[in-house]
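*Asks:* Taken in sequence, the protein lines are chains A, B, C, D, E and F.
full-length UniProt numbering applies: residue 1 is where the first sequence begins, and numbers increase by one.
full-length UniProt numbering applies: residue 1 is where the second sequence begins, and numbers increase by one.
full-length UniProt numbering applies: residue 1 is where the third sequence begins, and numbers increase by one.
full-length UniProt numbering applies: residue 1 is where the fourth sequence begins, and numbers increase by one.
full-length UniProt numbering applies: residue 1 is where the fifth sequence begins, and numbers increase by one.
full-length UniProt numbering applies: residue 1 is where the sixth sequence begins, and numbers increase by one.
No wet-lab data here; the hints were simulated from the structure.
Backbone N, C-alpha and C define an ideal beta-carbon position, used for all residues, glycine too.
It is possible that some hints are incorrect.
[Said to hold, decoys possible] No farther apart than 30 Å at their CA atoms in a straight line, the calculated lysine-lysine pairs in the DSS-like style are these:
| id | chain 1 | residue 1 | chain 2 | residue 2 |
| --- | --- | --- | --- | --- |
| 1 | E | K64 | A | K35 |
| 2 | B | K64 | A | K35 |
| 3 | F | K10 | C | K64 |
| 4 | C | K64 | A | K35 |
| 5 | A | K35 | E | K10 |
| 6 | E | K10 | E | K64 |
[As the list claims (entries may be wrong)] Here are the computed distance ranges between Cβ atoms for each label pair:
| id | chain 1 | residue 1 | chain 2 | residue 2 | range |
| --- | --- | --- | --- | --- | --- |
| 7 | B | T14 | A | Q27 | 32 to 38 Å |
| 8 | F | G34 | C | R63 | 20 to 26 Å |
| 9 | B | N36 | E | G34 | 45 to 51 Å |
| 10 | A | Q27 | E | G12 | 17 to 23 Å |
| 11 | D | K64 | C | I66 | 19 to 25 Å |
| 12 | C | G34 | E | N36 | 39 to 45 Å |
| 13 | F | S60 | A | S60 | 30 to 36 Å |
| 14 | F | A20 | E | D31 | 37 to 43 Å |
| 15 | D | E61 | C | M49 | 26 to 32 Å |
| 16 | D | Q17 | E | S60 | 44 to 50 Å |
| 17 | C | R63 | F | Q27 | 19 to 25 Å |
| 18 | F | Q27 | A | Q27 | 40 to 46 Å |
6 protein chains.
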Amino acid sequence: MPYINVKITKEGATAAQKEAIIQGMTQVLVDVLGKNPATTVVVIDEVEMENWGIGGMPVSEFRKTIK
Amino acid sequence: MPYINVKITKEGATAAQKEAIIQGMTQVLVDVLGKNPATTVVVIDEVEMENWGIGGMPVSEFRKTIK
Amino acid sequence: MPYINVKITKEGATAAQKEAIIQGMTQVLVDVLGKNPATTVVVIDEVEMENWGIGGMPVSEFRKTIK
Amino acid sequence: MPYINVKITKEGATAAQKEAIIQGMTQVLVDVLGKNPATTVVVIDEVEMENWGIGGMPVSEFRKTIK
Amino acid sequence: MPYINVKITKEGATAAQKEAIIQGMTQVLVDVLGKNPATTVVVIDEVEMENWGIGGMPVSEFRKTIK
Amino acid sequence: MPYINVKITKEGATAAQKEAIIQGMTQVLVDVLGKNPATTVVVIDEVEMENWGIGGMPVSEFRKTIK
Numbered sequence: 001m002p003y004i005n006v007k008i009t010k011e012g013a014t015a016a017q018k019e020a021i022i023q024g025m026t027q028v029l030v031d032v033l034g035k036n037p038a039t040t041v042v043v044i045d046e047v048e049m050e051n052w053g054i055g056g057m058p059v060s061e062f063r064k065t066i067k
Numbered sequence: 001m002p003y004i005n006v007k008i009t010k011e012g013a014t015a016a017q018k019e020a021i022i023q024g025m026t027q028v029l030v031d032v033l034g035k036n037p038a039t040t041v042v043v044i045d046e047v048e049m050e051n052w053g054i055g056g057m058p059v060s061e062f063r064k065t066i067k
Numbered sequence: 001m002p003y004i005n006v007k008i009t010k011e012g013a014t015a016a017q018k019e020a021i022i023q024g025m026t027q028v029l030v031d032v033l034g035k036n037p038a039t040t041v042v043v044i045d046e047v048e049m050e051n052w053g054i055g056g057m058p059v060s061e062f063r064k065t066i067k
Numbered sequence: 001m002p003y004i005n006v007k008i009t010k011e012g013a014t015a016a017q018k019e020a021i022i023q024g025m026t027q028v029l030v031d032v033l034g035k036n037p038a039t040t041v042v043v044i045d046e047v048e049m050e051n052w053g054i055g056g057m058p059v060s061e062f063r064k065t066i067k
Numbered sequence: 001m002p003y004i005n006v007k008i009t010k011e012g013a014t015a016a017q018k019e020a021i022i023q024g025m026t027q028v029l030v031d032v033l034g035k036n037p038a039t040t041v042v043v044i045d046e047v048e049m050e051n052w053g054i055g056g057m058p059v060s061e062f063r064k065t066i067k
Numbered sequence: 001m002p003y004i005n006v007k008i009t010k011e012g013a014t015a016a017q018k019e020a021i022i023q024g025m026t027q028v029l030v031d032v033l034g035k036n037p038a039t040t041v042v043v044i045d046e047v048e049m050e051n052w053g054i055g056g057m058p059v060s061e062f063r064k065t066i067k
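Full structure from sequences and hints, please.
*Replies:* Spelled out as structure tokens, the structure:
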């Protein structure tokens, strides 16, 4: 009965991509720990770019520094 | 000073229903552990249907399988 | 298929108390939103006292100030 | 490689304020624990007022009681 | 720069299994969204059995009901 | 009434360091958003090294690659 929370920046992930994330992450727990997929929950949080920080700055600024 | 986080699919919960959730969950901790409601925080996250997975698929697909 | 996370300070909650929390919080979502208890997950995190802060200080210090 | 999650009520925090939060919280971990800012992540969740409870009621009601 | 949190019951997952979970979940985000693994964080929380509830009861009780 | 969750690897942070984190993070929200420290909660989670992944591997392995 695992619970998986995935936080990504909100940049237009499609419904098909989210479905692939849900399927793939659930499969990892089935394969590695033999968990039951029927009770494995995945919640995806899409976070606004200005609400995501790394390197002490908003992620949009940070990306410019690592180009 | 407990903290309670409730994640539900976004399906039109009303303000009155949210108020009942906040009140009910706080009361559980008052009754069971004698916690002080004045410092008990409840945060409700409403998650878009396509961002919630169970059974390795989006919850909307999963519900069709259990009908 | 809701997910509920309860964070409390680690102060000796018994197995029976945890069971009452699980039962009570699940019942709130059954009563208010008609959720299915069979797919409602509750996770209780017990946090060491020195890892919990409020009022800008550890909770053990804070409690002395409000006596 | 720390991860910091900040939950606040959604009340119009500006991009500049969020940037200051990201910078300030990251700096705390640099100063206190010598963490590397380049791998320190900050995620800010802005929560709708009616989804935030304290004192067993929505925060908007609670604020009236403490005026 | 995604963040993935995996909550499982504490039942003796080995270091090798945790490594496989970290690798597998990171790979899902690389494959589906093209994320950079170097800034993808995975945190695994192992939760004591008596702190995990489902079906309104501790998970150990719940498992007996579905045998 | 903000809530701040800090996740760090478990590497011997002292009570004094945790107190400094609690104080510093709370002060950031006081300074930037004018929040009331008395209702600002900070929870620090110390995560076992083998439960923390980055770069698709346990953090202990990852650190060797960036030396």
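*Asks:* Please name the hints from earlier in the document that this structure breaks, with their numbers sorted from lowest to highest.
*Replies:* 4
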